[in-house]
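K.L.:
We have chain X already, so just place chains G, H and F on it with the hints.
Protein chains: 4
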Amino acid sequence: MSAPLRYAMVGGGRDAFIGAVHRHAMALDGQFRLVAGALSSSPDKARASGRDLGLPDDRNHGSWQALLEDELKRPPGERIDLVSIVTPNHVHHEVAKAFAEAGFHVVCDKPLVHTGEQAQDLVETTRRKGIVFGVTYNYGGYPMVREARELVRSGAIGTVRKVVAEYHQGWLATQLEETTNKQAGWRTDPARSGVAGAIGDIGSHAENLLATVTGLEIEALCADLTTFVPGRRLDDDGSLLLRLRGGARGILSASQIATGCENDLTLRVFGSTGSLAWRQEEPNLLVHAPLDGPRRVLTRGSPWLSEAAKRACRLPTGHPEAFIEAFANVYLGVAADIRARAAGVAADPVAADYPRVEDGARGVRFIERTVQSAASAAKWTPM
Amino acid sequence: MSAPLRYAMVGGGRDAFIGAVHRHAMALDGQFRLVAGALSSSPDKARASGRDLGLPDDRNHGSWQALLEDELKRPPGERIDLVSIVTPNHVHHEVAKAFAEAGFHVVCDKPLVHTGEQAQDLVETTRRKGIVFGVTYNYGGYPMVREARELVRSGAIGTVRKVVAEYHQGWLATQLEETTNKQAGWRTDPARSGVAGAIGDIGSHAENLLATVTGLEIEALCADLTTFVPGRRLDDDGSLLLRLRGGARGILSASQIATGCENDLTLRVFGSTGSLAWRQEEPNLLVHAPLDGPRRVLTRGSPWLSEAAKRACRLPTGHPEAFIEAFANVYLGVAADIRARAAGVAADPVAADYPRVEDGARGVRFIERTVQSAASAAKWTPM
Amino acid sequence: MSAPLRYAMVGGGRDAFIGAVHRHAMALDGQFRLVAGALSSSPDKARASGRDLGLPDDRNHGSWQALLEDELKRPPGERIDLVSIVTPNHVHHEVAKAFAEAGFHVVCDKPLVHTGEQAQDLVETTRRKGIVFGVTYNYGGYPMVREARELVRSGAIGTVRKVVAEYHQGWLATQLEETTNKQAGWRTDPARSGVAGAIGDIGSHAENLLATVTGLEIEALCADLTTFVPGRRLDDDGSLLLRLRGGARGILSASQIATGCENDLTLRVFGSTGSLAWRQEEPNLLVHAPLDGPRRVLTRGSPWLSEAAKRACRLPTGHPEAFIEAFANVYLGVAADIRARAAGVAADPVAADYPRVEDGARGVRFIERTVQSAASAAKWTPM
Amino acid sequence: MSAPLRYAMVGGGRDAFIGAVHRHAMALDGQFRLVAGALSSSPDKARASGRDLGLPDDRNHGSWQALLEDELKRPPGERIDLVSIVTPNHVHHEVAKAFAEAGFHVVCDKPLVHTGEQAQDLVETTRRKGIVFGVTYNYGGYPMVREARELVRSGAIGTVRKVVAEYHQGWLATQLEETTNKQAGWRTDPARSGVAGAIGDIGSHAENLLATVTGLEIEALCADLTTFVPGRRLDDDGSLLLRLRGGARGILSASQIATGCENDLTLRVFGSTGSLAWRQEEPNLLVHAPLDGPRRVLTRGSPWLSEAAKRACRLPTGHPEAFIEAFANVYLGVAADIRARAAGVAADPVAADYPRVEDGARGVRFIERTVQSAASAAKWTPM
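Residue numbers (my numbering), protein chains in the order written: chain X, 659 to 1041; chain G, 659 to 1041; chain H, 659 to 1041; chain F, 659 to 1041.
So that you can see chain X by itself, here it is in the shape it has in the complex (with noise of 0.2 Å):
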């Protein structure tokens, strides 16, 4: 195993939920080390959050603009290999722009940014910089959502036809952004959060794991969002169909409304000569059912899996792996990319699956246009 990566944390201070898991799953393989951070934009937030994690007073900033002009002026045995942004959405264009202009490596949070402008900018300034620019759309990590991949790539169900993805929570069933619930907060301000509620939130989680699963691209979408809770001023529900390229058809569902549902991502694709069904809450399984035999109930860390599959596995069958490892695992596919490049080589492309920067674009297109699709009498909206 080679040095850990260092690296720099933008937000995810006191009471922040996903720097937290970042972290954790950043420690998880001995691949990085935090060795910077900004992580709050209030200043004594910030510099309390860091003294909190072990950070030097010297690497603990009360700014990200601080941050990156300290490491800057650091030697490069000293700087930090790639900035992790973890704040609320409407702070991610700059940073990562910024970081990413310096020439740091880049993993920011989903949805990537509010625009399709400022998503195409990222896209475009990644590109020049030659940097690596990770977006978190974590559920592709995994190994069950890897095998369905690779079990369509294969051929295991032939075309597909009709994909339903769902994304339900209840946790916003209430009106808990009155309370003091920060997530709430943030994630129901159109300021923070950007022109979507739900299907911003989550919605393009449940778009990033079709794509990733199926390989399609939505060609049209038809959408309902509708505000269930009153006072809330961002759709907390959203119901599409879809028209996918190549004929198939698909239904995606998301709510923050859902009552009794936790974090409910599910994918079900219907192919011509089998389906296969997915389920977040119960991640090491997958369901495979060919046309012309029983259901086969595909586990974890089985040796009949793709190797995309087993290589994203650290324990045996059995042995539950969960949401932590998998964020990881889109973590160790940036360090592969990461540690390539140093090298000079081609990344293994096994290793270096993550979702890039053009994922973290396509996402933000399709929340613009369910968007409009919404306000639309029109029944197709095209991507």
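Please note: incorrect hints may appear among the correct ones.
[Claimed, not checked] Facing chain X, according to a computed beta carbon distance under 8 Å, are these residues of chain F, among others:
(1) Val679
(2) His682
(3) Gly688
(4) Asp716
(5) Gly720
(6) Glu920
(7) Asn921
(8) Ala935
(9) Arg937
(10) Glu939
(11) Glu940
(12) Gly976
(13) His977
(14) Glu979
(15) Ile982
None of these hints come from the bench; they were simulated from the model.
Idealized CB from N, CA, C, for every residue including glycine.
P.N.:
Using the frame of chain X, we list chains G, H and F on its own:
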């Protein structure tokens, strides 16, 4: 137990699927006795089928017209109480109309008829003649579906916000109608099945289940219908967005190309204070998730269920009841209504619980509007 | 379909549980017709119950002796073909013996009788009289139990090594026999239930299921029986280690104080090259895990099942069949055997598939040995 | 967060399974840092493994003796805080003894040692030296196992009556030890594994889980141990009846020839007023069935869980945590206890929640008694 009601069956001869189900269901509780029939449109097959079932020659007819004529000649104590119509769809209207006009009670399979005009005609005839007219939307006969309906009515999940109804089968994923499969043959033939394929055959069940449980009617719908199997003339897949009375939203998916699915009818209802989930293939369970506590797995036969659910059970908890029993519950409802009318009393509403001709008419309208929507560039088609 | 077989029922009057199940099961397929009865040990209740079921007065008897006497006077074309005995256990032997001696076919509920001597007596009488004698170990009537048996026979899981059979109910977790609950009353009364409580009432079902599927007999057992509910006179819980013919080992657990369990009968069979798992509360599934591939979820009605399983199905896949249908399958086996004997031909073994008096006798021996073992300080009690 | 604790690992080199799990678990929360090691009994392999993990040469030892000697020379600020012993079983005692005598805190994998004498020796050493000694019975680290324990303690299921603990794996269904599989090799070798095979490797986990959740100790047991795979020298299957303190009864089944099972550890506890069921392969759920209402499906992260369960969660509901996280929770308990001792304060019992050397000793006694019982003709062997 009173003496069994006498019935004749039209359709349901050799090789038929649903006719045998009706007979099993009617036999189960000893409330009905088959005394006459015209079991096929082919006179020879009709008579052979009747002999299989032990019908005496003088009540084993080669056509429904002969059956009706014969019954009208018989004395009241011998004459049938009701006719059960289990032919392919295109025959429903004329048979139902003729028997209804003659004053016989009618049970007719779904979808009721081909057109809204035909449906309205049967509604009016039923009212004018004062007969009982049941439509075998059988899934409402499941005790846990009745429990779901009662929970919604009781306010247990608050205001309904989002409903997801799915009916997924995979048996038509290949061009089965080109084989000798009789079921596939007529169900994919517009002349016998009507204007819709999957959406008529099973989508209408999903609509009925949704309406039964939520009590909400569809105000507008947006449909995408597809024919995936080459050479097929009717839709084999449909995806719909729904707008329901009172502001609820819905998704309805019906597919007969959903490889790996057998008879996967499911309903999820998300309300403001809880949710319900039911799945036909595990019909003895109903999951109720209240907003403020853990999921409750309600099981058929439990003492804490509603009266409506409890009276629909024959067996204690853990002794599963299934498809035929649910089907039989619909017929028990019909029997209770027929007996109440014979006795000149108002039927006990818990006993006389079955889908009526008006539900059948609403189902026909649903099919018509779905087909219209699928052909329209406008997003919403009103019901 | 031939004319229904005529049957009389002994026991099964008002408030009885299992008698009604037998009648539903016998009605389902139109193979049996109830023509006479002695439905309770109380003459008044017997006659009231018979009137409920529409029995004519001259065949509605106050005692089984009167029933038998009357039947013997009737001409063959009117006389019953079989008697169905659904009384509490202590009555089984004398009724079965009397009807068997008179040459009537018999179906008797389980456990067959109280003692091994009584059981052996019935075995011998059955052979001597050449009658059909079925014992309603109903769980072997489930299609997927038959599939499991066929898979074991076919070698699909290699040599059986370990078997775990459980039958867990929770309904006797409190002193229900002190209420008016009729079922609890006789089942916990040694005079009516026999030497065992839970182990007799449900443990014997588990033994039968194990023997049916594996084809292996118990050679020795080691039992721990407990009475948990204060004041109860028979065991309400039993745990056993088993040694099976050929070297396999087993565990059998039967409990009626297993709070939260409804009718949770399960069987797991681990062989040298695969395993099988079945659960009565989800009876349409059978999980087959081969050593060298993923778990296969076999479903009732599938084309790839054995002939024995397929012929036990009335409905296509996904249209669940359940307890009553399985029970009816046992009766269909009895009917096939009766008709074969009437026709003087050998019965089709796939059709005449039902537990016989010898299975009932083995069950009685199992109960006796279990009670002996529980009182013994030695580890193993031979069967 | 305080500075990470420094640890050395003994065992866990290349090809080891459980060593890597320990390292992932210790890395996850940033509480531990690997600073030294003797990672294999083969000096060359030890050093190669240490280099893989980035250990500096001067702390990368060829033997545990060299490691210990070196650590004792180092100044306190550099010296390890604890040693993690992850060797095959036969090495545990001498390593643990030596480090404990030297005053280092110890974490040792299970089963603790080969004999009761060795275990008692470690218990006494631990007490005498005042060190922390954890044994990685990792399954108690799952939040929902802690919830189960708290529910039993709170009286939620009344008096415990019957317990069923199962640990079924299928990976040793063939003679895997004849291949190059290192895990199979030592686990089936009496010299390295001890007197028991499956019952030691996994049966002892089941015993620990049962004791942890119910708080009940085994008073007597009755065991049947079998070796199914030809040529194997230790049991690969065990079935036990248990008598627990206070009158409860139990069944414990441990098998490594349970084809189709992966790592299927389950626990069911039936009490007088309710029951609990947990399954390791779906660890985020706990089913609680109260006597007087429907089953409640408790999920990790829910607000209505106990403090002990909530504090064992890193992620919100629906974001599954799994094996490594549970393992890490055991280490968090160890860390809390080490830090409390360093600070000279009493540890917070909710934080310092981990299995101790006494639990390890009880597990060794369980294994010894099980092996004795299996050889005995008497039914009960006292603990």
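K.L.:
All hints are to be evaluated individually against the structure, with a verdict given for each.
P.N.:
For each hint, the structure was consulted:
1. Val679: holds, 7 Å
2. His682: holds, 6 Å
3. Gly688: holds, 6 Å
4. Asp716: violated, 17 Å
5. Gly720: Violated - the Cβ of glycine 720 of chain F stays beyond 8 Å from chain X, reaching only about 20 Å at its closest.
6. Glu920: Status holds, d = 3 Å.
7. Asn921: Because about 3 Å separates asparagine 921 of chain F from the closest Cβ in chain X, which is inside the 8 Å limit, the hint holds.
8. Ala935: violated, 16 Å
9. Arg937: This interface hint is violated because 10 Å lies over the 8 Å limit.
10. Glu939: holds, 6 Å
11. Glu940: holds, 7 Å
12. Gly976: holds, 3 Å
13. His977: At about 4 Å, which falls below the 8 Å cut-off, the nearest Cβ of chain X leaves the hint on histidine 977 of chain F intact, so it holds.
14. Glu979: holds, 5 Å
15. Ile982: holds, 7 Å
Checked against the numbered hints listed earlier, the structure breaks hints 4, 5, 8, 9; every other hint is satisfied.
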